[in-house]
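A.B. asks: The primary structure of each chain is shown beneath.
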Amino acid sequence: MLFAAKKMKNMNLKKGFIKHSIDEYRHYEIFSKIKKKLYNKQDYSLRFTPQIIYNKGYISSKNFLIEKKKLNDFSVFIAANETIAKKKLENLNFLVKKKSLKLSLLILEILKDEERHSNLSSDFSKKKLNKFNYWISYKKEEILSNVRHLYANSLINTQKIFYPIFSILLIVISKLSLELNFENKNRSKNILDDIDPNTMI
Amino acid sequence: MYYIGISAYYHESSVALINNNKIICFLKEEWLTRIKGDNNFPKHSLNFLIKNYKLNNSNIKKICFYEKPFASWWSLFNFSIKNPILNQEFLINHIKSFSNGSIFFKKHVKDTLKIDQKKIIFSSHHLSHALYSSSFLRVKKEKIAVISVDGVGEGITSSIFDFKKNKINCLGTNKYPNSIGLFYSIITDFLGFNTNEDEYKIMSLSSYGRPIYYNKLLKVFDIRNFNLNEKYINFHKTVNKSFSKHLEKLIGPPFLNINNKKNFKKYSNIAASAQKILEDSLNILIQKTKEITKKKKIVLCGGVALNCKAVTEVAKCHKDIEIFVPPSPGDSGSAIGAAIFAHYQDSKKLDFNYQSPFIGPKREKLINKQDLSNFFKVLNNSKKNTLYEIYKLIANGEIIATFLDKSEIGPRALGNTSLICNALDKKTVNILNNVIKKRDKFQPLAPMILEKNFNKFFIKQNNIYKNHEWMGSLCKFKKIYKKTYKSIAHIDGTVRVQTVKNGSIKNLLNFLDKKDIKILINTSFNISKDPIVFDLIDVYVNMKRMNIKYLYCLNKIYIINQT
Numbered sequence: 018m019l020f021a022a023k024k025m026k027n028m029n030l031k032k033g034f035i036k037h038s039i040d041e042y043r044h045y046e047i048f049s050k051i052k053k054k055l056y057n058k059q060d061y062s063l064r065f066t067p068q069i070i071y072n073k074g075y076i077s078s079k080n081f082l083i084e085k086k087k088l089n090d091f092s093v094f095i096a097a098n099e100t101i102a103k104k105k106l107e108n109l110n111f112l113v114k115k116k117s118l119k120l121s122l123l124i125l126e127i128l129k130d131e132e133r134h135s136n137l138s139s140d141f142s143k144k145k146l147n148k149f150n151y152w153i154s155y156k157k158e159e160i161l162s163n164v165r166h167l168y169a170n171s172l173i174n175t176q177k178i179f180y181p182i183f184s185i186l187l188i189v190i191s192k193l194s195l196e197l198n199f200e201n202k203n204r205s206k207n208i209l210d211d212i213d214p215n216t217m218i
Numbered sequence: 005m006y007y008i009g010i011s012a013y014y015h016e017s018s019v020a021l022i023n024n025n026k027i028i029c030f031l032k033e034e035w036l037t038r039i040k041g042d043n044n045f046p047k048h049s050l051n052f053l054i055k056n057y058k059l060n061n062s063n064i065k066k067i068c069f070y071e072k073p074f075a076s077w078w079s080l081f082n083f084s085i086k087n088p089i090l091n092q093e094f095l096i097n098h099i100k101s102f103s104n105g106s107i108f109f110k111k112h113v114k115d116t117l118k119i120d121q122k123k124i125i126f127s128s129h130h131l132s133h134a135l136y137s138s139s140f141l142r143v144k145k146e147k148i149a150v151i152s153v154d155g156v157g158e159g160i161t162s163s164i165f166d167f168k169k170n171k172i173n174c175l176g177t178n179k180y181p182n183s184i185g186l187f188y189s190i191i192t193d194f195l196g197f198n199t200n201e202d203e204y205k206i207m208s209l210s211s212y213g214r215p216i217y218y219n220k221l222l223k224v225f226d227i228r229n230f231n232l233n234e235k236y237i238n239f240h241k242t243v244n245k246s247f248s249k250h251l252e253k254l255i256g257p258p259f260l261n262i263n264n265k266k267n268f269k270k271y272s273n274i275a276a277s278a279q280k281i282l283e284d285s286l287n288i289l290i291q292k293t294k295e296i297t298k299k300k301k302i303v304l305c306g307g308v309a310l311n312c313k314a315v316t317e318v319a320k321c322h323k324d325i326e327i328f329v330p331p332s333p334g335d336s337g338s339a340i341g342a343a344i345f346a347h348y349q350d351s352k353k354l355d356f357n358y359q360s361p362f363i364g365p366k367r368e369k370l371i372n373k374q375d376l377s378n379f380f381k382v383l384n385n386s387k388k389n390t391l392y393e394i395y396k397l398i399a400n401g402e403i404i405a406t407f408l409d410k411s412e413i414g415p416r417a418l419g420n421t422s423l424i425c426n427a428l429d430k431k432t433v434n435i436l437n438n439v440i441k442k443r444d445k446f447q448p449l450a451p452m453i454l455e456k457n458f459n460k461f462f463i464k465q466n467n468i469y470k471n472h473e474w475m476g477s478l479c480k481f482k483k484i485y486k487k488t489y490k491s492i493a494h495i496d497g498t499v500r501v502q503t504v505k506n507g508s509i510k511n512l513l514n515f516l517d518k519k520d521i522k523i524l525i526n527t528s529f530n531i532s533k534d535p536i537v538f539d540l541i542d543v544y545v546n547m548k549r550m551n552i553k554y555l556y557c558l559n560k561i562y563i564i565n566q567t
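Chains W and G, in that order, are what the protein sequence lines are.
Counting in our numbering, the first sequence runs from 18 upward without gaps.
Counting in our numbering, the second sequence runs from 5 upward without gaps.
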């Protein structure tokens with residue numbers, strides 16, 4: 018959203034994307050607050066490492082979404098994903114409500130934002146696309162988003178399926194590795210000349 | 005002709021551009037992607053440089069990566085593969101990282117820029133650290149020795165270099181996993197913080213404790229032999245937890261809630277013990293370097309050198325030498341080292357001398373005039389009155405955001421991308437630290453002062469004085485000021501002060517000095533866990549998020565447009 022804001026020349030769109038990105042930052046803060054209140058510990062599974070969103074396939078290191086998609090497609094993407102997020106948050110809210118009513122109210126705040134984002138985006142794209150094209154694009158984004166979530170959620174489990182194959186492979190490599198030696202050779206008095214700039218080893 | 009240095013794939017990625025012995029620009033990928041600690045190939049930064057400096061195959065002489073990719077990948081793999089079943093999880097992850105890691109650096113460059121593949125070269129990890137760090141000292145290179153200490157790079161965890169004229173002799177190295185940097189990261193993980201990111205919090209926390217776990221932790225890291233006991237480590241087995249159950253048996257349960265008083269006390273004692281082990285290890289390294297090289301100037305670099313508390317403590321034991329730490333001693337600064345290495349390949353000379361930590365892009369390039377007029381209003385049009393307006397605001401307890409000249413290279417904001425307020429205003433200082441910046445309660449904010457005023461307020465430790473320009477070491481307030489400035493001093497009385505020598509921020513401090521405001525608070529312009537702001541839209545978004553009204557930029561004071 019932030020990058021979309023930076024790219025936009027139309028001031029109204031720019032302001033809209035800025036508002037959206039500020040909302041998203043606020044959502045992150047709310048989630049952090051919920052996490053802090055619900056859990057008493059700080060172990061690995063509860064830590065947020067920003068880098069992980071690349072690994073899970075939510076964003077690409079190659080380009081920003083707004084660079085890859087046309088503005089219309091981008092707004093359909095927002096409309097579809099904000100609706101999916103809203104549904105997921107409703108499920109989360111159901112669980113959080115049982116533990117704390119205060120925290121549940123915070124999630125309701127996010128839900129309102131998600132609905133607003135979704136409506137604004139779908140209104141914008143409906144003006145630019147006819148009903149059928151919008152519906153097709155929306156469904157496409159919905160499917161892609163669900164696939165992305167499925168991929169991210171099953172990363173650990175799918176890995177385990179391949180564990181036996183990896184184990185055998187690793188044992189073979191371990192035997193081979195005994196034969197390899199990349200130890201540094203004797204150094205002369207000038208390390209600058211010892212290092213071959215053309216090699217990766 | 006341009007030389008480009010790149011550091012990536014492990015810590016925050018960065019790119020440096022040099023030309024005729026001058027550094028032209030330095031960028032961190034996280035500034036552009038807004039992902040804190042972004043370690044991907046710095047595609048956006050490289051594109052920024054290509055666009056702004058019209059880079060192409062004909063005007064680029066060499067592109068250099070800061071380390072040997074295969075050596076780095078293989079060293080960790082080779083250690084863990086000795087026990088493939090037990091270390092399976094780490095190994096699988098490590099193999100997976102092969103496909104998008106530094107091994108494919110050439111491909112990643114090629115995808116961004118059409119360049120002759122022969123122009124892409126590779127430096128060496130610790131050498132890149134050393135080349136960058138030495139370039140910040142304006143002395144003859146033969147007068148210095150460099151100690152590079154970090155987690156691990158190419159299987160080496162620390163190195164000692166003896167500089168000669170256009171030559172560098174590597175006197176010794178220590179090998180993976182025996183790393184004082186990794187030891188400190190294990191403790192960071194144990195206390196519930198993010199490794200490779202939150203080590204500075206452990207440093208802060210350590211001031212609250214006593215090193216009562218010192219002897220126990222010596223079993224984990226033997227400072228005499230620089231040996232990390234494998235019994236207590238897990239980072240070669242799994243990526244999720246860096247320590248083993250034996251460490252839990254040794255010092256108690258990990259990941260406790262630090263907001264609980266009892267846990268805080270215990271964890272600060274553990275942090276203090278780890279800190280002392282780090283300091284003692286550095287002490288030994290410096291002593292050995294001193295004995296072997298007989299040099300009077302020792303440069304500390306690598307991620308461990310960011311520990312300004314350790315630098316200050318060891319300097320007390322070596323008053324006969326100067327201990328110098330550059331502004332960005334970690335991996336991101338190594339992009340400059342890589343560029344210097346590339347330049348050396350052609351010139352065979354080590355004649356780089358950089359003095360300024362402000363080497364990011366000029367702000368003018370990052371400010372769209374239309375955005376500026378849409379999102380901000382000028383508070384006072386007269387340039388002459390700008391400083392007076394700032395004085396009035398600061399005196400009234402306001403916090404000002406600065407976006408001046410060029411951005412800073414290191415992890416610490418040095419006034420050009422900062423939030424500033426009056427250090428005497430306790431209420432504002434507390435709001436800035438706890439409410440706006442959302443920092444932990446055990447981390448006080450740091451002050452900035454004109455260089456000429458330093459001696460009046462602080463106790464000077466000559467052999468680390470230069471590092472104050474970029475907050476690379478600590479000092480203490482003089483007795484008479486201790487109470488007045490209590491809110492910005494650490495519990496142990498230390499302060500991470502920055503001395504200001506030049507730039508727009510110096511002009512401001514000079515003006516405030518006449519109005520009797522001698523010390524300002526300076527904290528980076530970002531919210532905890534976000535990268536520092538990069539362009540005007542980031543400035544606006546962050547000011548909105550932090551509810552800050554005033555911006556000092558382009559020699560004017562602006563007020564944010566609330567509508």
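Wrong hints could be hidden among the right ones.
[What the hints assert, rightly or not] Here are a few chain W residues that sit away from chain G, every Cβ distance over 10 angstroms (derived from the structure):
#	residue
1	LYS23
2	LYS31
3	GLY33
4	ILE51
5	ARG64
6	PRO67
7	LEU88
8	ASN110
9	LEU112
10	LEU118
11	LEU123
12	ARG133
13	LEU146
14	ARG165
15	SER171
16	ILE212
[What the hints assert, rightly or not] Each pair of labels, with its calculated beta carbon distance range:
#	chain 1	residue 1	chain 2	residue 2	range
17	G	LYS483	W	ASN207	48 to 56 angstroms
18	W	LYS79	G	LYS220	22 to 30 angstroms
19	W	LEU82	G	ASN372	38 to 46 angstroms
20	W	LYS79	G	LYS266	47 to 55 angstroms
The set of hints was computed from the structure by calculation and includes no laboratory data.
Since this is a predicted model, take the numbers as computed values, not measurements.
Ideal Cβ placement from N, Cα and C applies to all residues, glycine included.
A.B. asks: Is the Cβ of LYS23(W) farther than 10 angstroms from every Cβ of chain G?
C.D. replies: Given a closest Cβ separation of 5 angstroms, the condition is violated.
A.B. asks: If I take the minimum Cβ distance from SER171(W) to any residue of chain G, is it greater than 10 angstroms?
C.D. replies: 15 angstroms, holds
A.B. asks: Taking the closest pair, is the beta carbon of ARG165(W) still more than 10 angstroms from chain G?
C.D. replies: 18 angstroms, holds
A.B. asks: If we take the beta carbon of ILE212(W), is the closest beta carbon in chain G still more than 10 angstroms away?
C.D. replies: 5 angstroms, violated
A.B. asks: Does the claim that LEU123(W) lies off the interface hold, with its Cβ farther than 10 angstroms from every Cβ of chain G?
C.D. replies: For LEU123(W), whose nearest Cβ neighbour in chain G is about 16 angstroms away, the distance exceeds 10 angstroms, so it holds.
A.B. asks: With d taken as the least Cβ-Cβ distance between ARG133(W) and chain G, does d exceed 10 angstroms?
C.D. replies: About 17 angstroms separates ARG133(W) from the closest Cβ of chain G, which puts it past 10 angstroms; holds.
A.B. asks: Since ILE51(W) was said not to touch the interface, does its Cβ keep a gap of more than 10 angstroms from each Cβ of chain G?
C.D. replies: For ILE51(W), whose nearest Cβ neighbour in chain G is about 15 angstroms away, the distance exceeds 10 angstroms, so it holds.
A.B. asks: LEU88(W): least C-beta distance to chain G exceeds 10 angstroms?
C.D. replies: Label holds. Min Cβ-Cβ 17 angstroms, cutoff 10 angstroms.
A.B. asks: Closest CB-CB distance from ARG64(W) to chain G, is it above 10 angstroms?
C.D. replies: For ARG64(W), whose nearest Cβ neighbour in chain G is about 6 angstroms away, the distance does not exceed 10 angstroms, so it is violated.
A.B. asks: Run the C-beta distances from PRO67(W) to all of chain G and say if the shortest one exceeds 10 angstroms.
C.D. replies: 5 angstroms, violated
A.B. asks: Would LEU146(W) pass as off the interface with chain G, using Cβ distances and a cut of 10 angstroms?
C.D. replies: The claim holds: LEU146(W) sits with its nearest Cβ about 28 angstroms from chain G, beyond 10 angstroms.
A.B. asks: If I take the minimum Cβ distance from LEU112(W) to any residue of chain G, is it greater than 10 angstroms?
C.D. replies: 22 angstroms, holds
The structure is inconsistent with the numbered hints 1, 2, 5, 6, 16, 18 and 19, although it conforms to all the rest.
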